[in-house]
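**Student:** Protein sequence lines, in the order shown, are assigned to chains A and B.
Counting in the working numbering, the first sequence runs from 1 upward without gaps.
Counting in the working numbering, the second sequence runs from 1 upward without gaps.
Take these hints with a grain of salt, some might be off.
What the hints assert, rightly or not - Derived coverage of chain B by chain A (criterion: at least 3 residues anywhere in the stretch with Cβ under 8 Å from a Cβ of chain A; other residues may be distant):
1) 27 to 34
2) 74 to 85
Stated by the list, open to error - Estimated spans, in silico, between C-beta atoms of each pair:
3) B:R92 <-> A:E163: 52 to 58 Å
4) A:L177 <-> B:H8: 32 to 38 Å
5) B:H103 <-> A:A152: 43 to 49 Å
6) B:H8 <-> A:K161: 31 to 37 Å
7) B:T93 <-> A:P162: 45 to 51 Å
Hints were generated in silico from the structure; no laboratory data involved.
Note that beta-carbon positions come from the ideal geometry of N, C-alpha and C, so glycine has one too.
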Amino acid sequence: MENFIFYIIAGVTIASALMALTIRNLFHCALFLAVTMFGISGVFLYLNSDFLASVQVLIYVGAVTVIIIFGISLTRNMMDERTKAMNHQFLFSIVAAVVLTLIILGGIRESSFLGSEHPLSLVVSSVGAANSDVAQSTTDGSGSGRPFQGGAAYLGGVLLKPENGFAFAFEFVSVLLLSALIGAIVIARKEPS
Amino acid sequence: MNNVPLVHFLYLAAVLFGIGIFGVLARKNAISVLMGIELMLNAVNINFLAFARYWNWNSLTGPVFVIFVITIAAAEAAVALAIIISIHRQFRTSNIDDAHYLHG
Numbered sequence: 001m002e003n004f005i006f007y008i009i010a011g012v013t014i015a016s017a018l019m020a021l022t023i024r025n026l027f028h029c030a031l032f033l034a035v036t037m038f039g040i041s042g043v044f045l046y047l048n049s050d051f052l053a054s055v056q057v058l059i060y061v062g063a064v065t066v067i068i069i070f071g072i073s074l075t076r077n078m079m080d081e082r083t084k085a086m087n088h089q090f091l092f093s094i095v096a097a098v099v100l101t102l103i104i105l106g107g108i109r110e111s112s113f114l115g116s117e118h119p120l121s122l123v124v125s126s127v128g129a130a131n132s133d134v135a136q137s138t139t140d141g142s143g144s145g146r147p148f149q150g151g152a153a154y155l156g157g158v159l160l161k162p163e164n165g166f167a168f169a170f171e172f173v174s175v176l177l178l179s180a181l182i183g184a185i186v187i188a189r190k191e192p193s
Numbered sequence: 001m002n003n004v005p006l007v008h009f010l011y012l013a014a015v016l017f018g019i020g021i022f023g024v025l026a027r028k029n030a031i032s033v034l035m036g037i038e039l040m041l042n043a044v045n046i047n048f049l050a051f052a053r054y055w056n057w058n059s060l061t062g063p064v065f066v067i068f069v070i071t072i073a074a075a076e077a078a079v080a081l082a083i084i085i086s087i088h089r090q091f092r093t094s095n096i097d098d099a100h101y102l103h104g
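Please work from the sequences and hints to get the whole structure.
**Tutor:** This is how it looks when you write it as structure tokens:
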């Protein structure tokens, strides 16, 4: 039953991604992209990453889609009904994308390290055991014992503890975000005449 | 606990990546190209999380990488839309094939 829901989510995600990149109306494209991002956040939930799933909804559905809709409405007057949505390399693009996807799918299928002999079921069953630990470790709230690895507090601790090696990258990416936002403002600003 | 095999997550990510490639290559409008890039980044995020969850449950490198990818994708979207608006102001177009000022 749970697997069935995963395949429904995957199907909706793929279908809306296809719609988002093939239909003509750009505004509808952005809305289909939001549906795709919701589906991907559902996939994240299947991977036991509740924090990242909520981050996905907040950032992609809440922020990036809104930014894209702003961009569409700021450049809207160029989208008249006669212009085609695809450029002249449409057929070549279909061939390239399909061939690349088939190569990746074939590589996944053929790869020996993903065979049925891999102790995947063992890993999954240990994941299940970890989940049963979660109920205990989250109730006492002290973080002792086995912590829930997808939890926001644990993830933040891992990011900021200096001995884990992520602290510098974390601070650096915040500087990058700030400079990117300042750069975006400077680029989009109207030139003083 | 779900028992979806790891390869199905990888299949999903590969198909999404292919759709994103198609959008980047075939769409005329620059905003659609940006949507394709976002889709490709999200497909990679699915791969990161799937491998992190199924192969090394205790490692948090995968989720941390996903956080960094999401952050950089957000910054990239902001800068890309600023560039698109600037191109629109300069050339009165949002078709990226028309913005060939550097083409000579």
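**Student:** Looking at the structure, which of the earlier hints fail to hold?
**Tutor:** The structure conflicts with no hint, since it agrees with every one listed earlier.
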